[in-house]
Amino acid sequence: MSKLVVPGEVVAKGNFRSWSNVLKKGEEYLSIFVGKAEVGGGRVRVVRLSGPYIPKVGDFVIGMVTDVQPLAATIDINSYVNGYIMANAFFKRRIDPSRFDLSKKVNLGDLIAAKVQRIERGKDVYLQPDQKWKVEGDAVFYISPAKAHYIYTSRSRISSKIKELTGAEIRLGANGVVVVKGDLKKIEMVKRALDVVESKYDLNGLYNEIIKVLSKDGESTDS
Amino acid sequence: MPRKNLLVSAVRKEQILKTLAQGKRVDGRGLLDYRPLSITPNVIEKAEGSAFVKLGDTHVIAGVKMGVGTPFPDTPNEGILIVNAEILPTASEYQEPGPPDEDSIELARVVDRGIRESKMIDFSKLVIEPGKHVYTVYVDISVIGMDGNLFDASSYAAVVALMTTKYYPFINQNGNLVKGSEKVPLPIQDLGISTTFAKIDSYIIVDPTWEEESIMEARLTMVYDKSGNICAVQKGGNGGLLLDDVLKIVDLAKSKSEEMRKVLEGVISNA
Amino acid sequence: MENPLIVNGKRTDGRSPTELRPLKIDVGIIKNAAGSSYIEHGKNKIIVAIYGPRDSHRYGMNIERATLRCRYHMSPFSTEERKSPQPSRREIEISKVIRDALEPSLILENFPKTMIDVFVEVLQSDGGSRSASITAASVALADAGIPMKDLVEAVAVGKVDGTLVLDLNDIEDKEGESDMPVAFMLNENKVTLLQMDGKMTVEEFKAGLMMAMEAAKKIKEIQKEALAKKYSKGDRKNDA
Chain A
1 MSKLVVPGEV VAKGNFRSWS NVLKKGEEYL SIFVGKAEVG GGRVRVVRLS GPYIPKVGDF
61 VIGMVTDVQP LAATIDINSY VNGYIMANAF FKRRIDPSRF DLSKKVNLGD LIAAKVQRIE
121 RGKDVYLQPD QKWKVEGDAV FYISPAKAHY IYTSRSRISS KIKELTGAEI RLGANGVVVV
181 KGDLKKIEMV KRALDVVESK YDLNGLYNEI IKVLSKDGES TDS
Chain B
1 MPRKNLLVSA VRKEQILKTL AQGKRVDGRG LLDYRPLSIT PNVIEKAEGS AFVKLGDTHV
61 IAGVKMGVGT PFPDTPNEGI LIVNAEILPT ASEYQEPGPP DEDSIELARV VDRGIRESKM
121 IDFSKLVIEP GKHVYTVYVD ISVIGMDGNL FDASSYAAVV ALMTTKYYPF INQNGNLVKG
181 SEKVPLPIQD LGISTTFAKI DSYIIVDPTW EEESIMEARL TMVYDKSGNI CAVQKGGNGG
241 LLLDDVLKIV DLAKSKSEEM RKVLEGVISN A
Chain C
1 MENPLIVNGK RTDGRSPTEL RPLKIDVGII KNAAGSSYIE HGKNKIIVAI YGPRDSHRYG
61 MNIERATLRC RYHMSPFSTE ERKSPQPSRR EIEISKVIRD ALEPSLILEN FPKTMIDVFV
121 EVLQSDGGSR SASITAASVA LADAGIPMKD LVEAVAVGKV DGTLVLDLND IEDKEGESDM
181 PVAFMLNENK VTLLQMDGKM TVEEFKAGLM MAMEAAKKIK EIQKEALAKK YSKGDRKNDA
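Chains as they are written, first to last, in our numbering: chain A, 1 to 223; chain B, 1 to 271; chain C, 1 to 240.
FYI, nobody ran anything at the bench for these hints, they're computed from the structure.
Don't be surprised by glycine CBs; every beta carbon is placed ideally from N, CA and C.
Incorrect hints may appear among the rest.
As the list claims (entries may be wrong) - Ranges of calculated distance between the beta carbons of each label pair, as one might list FRET restraints:
| no. | chain 1 | residue 1 | chain 2 | residue 2 | range |
| --- | --- | --- | --- | --- | --- |
| 1 | A | K191 | B | L7 | 51 to 61 Å |
| 2 | C | K199 | B | K179 | 31 to 41 Å |
| 3 | B | A271 | A | K115 | 24 to 34 Å |
| 4 | B | G28 | A | R17 | 42 to 52 Å |
| 5 | B | A271 | C | K174 | 24 to 34 Å |
| 6 | B | G28 | C | D197 | 38 to 48 Å |
| 7 | A | F100 | C | E64 | 36 to 46 Å |
Claimed, not checked - Here are the simulated SDA-like pairs of lysine to any residue, each with C-alpha atoms no more than 25 Å apart in a straight line:
| no. | chain 1 | residue 1 | chain 2 | residue 2 |
| --- | --- | --- | --- | --- |
| 8 | A | K56 | A | W19 |
| 9 | A | K186 | B | Q22 |
| 10 | C | K149 | A | F16 |
| 11 | C | K233 | A | F16 |
| 12 | C | K174 | B | Q22 |
| 13 | C | K230 | A | F16 |
| 14 | C | K199 | C | A228 |
Build out the structure end to end from the sequences listed, making use of the hints.
Here you go:
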């Protein structure tokens, strides 16, 4: 069962083993977000549909370099906190700080793929660059981070379906940054699929709707 | 310093340039197409004139209030125009609340020039008692949402608000000002139309978005009156424009302004 | 009395004493904002934008939770007489009480050392603009995904021609005997804004509070619908 709820709305009544994004008030569980309520299997949770990207250790994100110092780069990860990449994160070995300059490796405005390695003081997010850390592509889109989490966590289905139907190469960050490789037509198709993601709240419906929108697109261009 | 330009990622910049090379913009427009423009006059009942303009995601509202003031000593037989603009903190994350910054002030002054120099309003008819009492026409512009080309959006909002203004006149009865009983329109005699172009790489585009403005070389805003004279110009951006580009834009702007004039006149005649 | 404000039980705009003015909310109107809303309540036309949570280095930031900042501002053309664009003392006070009305509903501990901005712009003002601002701002905060215990809704009650009335319009606000804006967090039975000027008896005050609470329940339904409308756009299209 899934239902759209707003803050303060009762999501479920009774006793549940676990719950998230709700406040428990006696027998009642109240949502603290606009979100999709999921109740079942002893669990009650609300999947939020808006709000900033909240970094979690292990997340794969795509961020933009906004500042480069000799030994650290600041990365805009589309969140309320900054991401940082330390120079030595690029290398297995220790580096000599007196002779190293990170600005020879990364530039302002570069998109970088990385994993969230650790979060300090709840505020500073340290990133470990991906093996293919330099993100190259033909287009970049931003979708709401909460929605991105939808496709991120169900990567196997939705993300691969979009790839399959558009033929484009896609890298998706849990923080809502989507980088696409492909020609203009493929980019346009991906954009249409992402528009569907942005306009709907129901995950199951989402999957089918994307298939529908993209297959329709294929037909219209064949004729 | 707050950042007014977006930092556009290298990938996105490449995407914008590649798309331009194919004769298109990333939002699907042609190089010389405006974004969808909607103009709604008379949205503020409490103002004498008003208009809400949506140019893509740039949203601007302008309101006209009429006041009575003392004329300037050098123009005793003319009404007064005061144009004020505020880029509201609602507009973008880089806009801080506070007194108008240089962008807001430049915006107000460019819109002001377009109205004043096109001789849009016959200020000699806005005199109640020569040398003593004249009308002050306040045009207040609030930028609510910001996605580039604030000049055109604000200018359209201001001129449509003025064209649809209706106010109670004051009548001079033995030195006392008495409010009239029937509303009258402003003495309008021309209409200046603003168009804004930007140069990105080797491409000239019209109606730049914020993202485009952030990677452009320079921008040129031109206002044409109804006889086709240029009556206000403002170059913007921290790069230069080739002389050839200026000459090209002068012609493009003229034909584009005629197109936009029809759109605005349509809105006004339906108001 | 020169001009009665209530004639045969009808008010100047034709409402009964316990009737709300028309109220309409749109969600998500400003692209750059984290959350936004537009409210029309009577002749009030108000826009709210939320920015944040965002990193802030301002002195005096709370290290344990997000700091809420609020600006209530009236456009120069929003009133009968042109209003100077500079913030007045009235606007600064209202900014503060709006912040105090919203903050109890928010769970700010999730975002330490950050700032959340609530920007309220009154495009056209009518009676009860602070109440309408609170109702709209709460929806905008939900749109921004700021966790909250409950939506907040506000409405004014007051005394006009000796009668207790709900949701005062401009003329009732100015010429009535009293005006009392109230904001509620209904789930917790809490009042988060309470102001009054004018005179009321203790009984009238108590009855007024109850009247406002009943109206808040109706306003909450409108808030919920407005949010549902934005977040199920694609789903609704499918149903049709």
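Hint check results:
no., hint, in the structure
1, A:K191 x B:L7: 51 to 61 Å, "violated, 22 Å"
2, C:K199 x B:K179: 31 to 41 Å, "holds, 34 Å"
3, B:A271 x A:K115: 24 to 34 Å, "violated, 57 Å"
4, B:G28 x A:R17: 42 to 52 Å, "holds, 49 Å"
5, B:A271 x C:K174: 24 to 34 Å, "holds, 31 Å"
6, B:G28 x C:D197: 38 to 48 Å, "violated, 54 Å"
7, A:F100 x C:E64: 36 to 46 Å, "holds, 37 Å"
8, A:K56 x A:W19, "holds, 18 Å"
9, A:K186 x B:Q22, "holds, 15 Å"
10, C:K149 x A:F16, "holds, 19 Å"
11, C:K233 x A:F16, "violated, 31 Å"
12, C:K174 x B:Q22, "violated, 61 Å"
13, C:K230 x A:F16, "violated, 30 Å"
14, C:K199 x C:A228, "violated, 40 Å"
Comparing the model with each earlier hint shows violations of hints 1, 3, 6, 11, 12, 13, 14; every other hint is respected.
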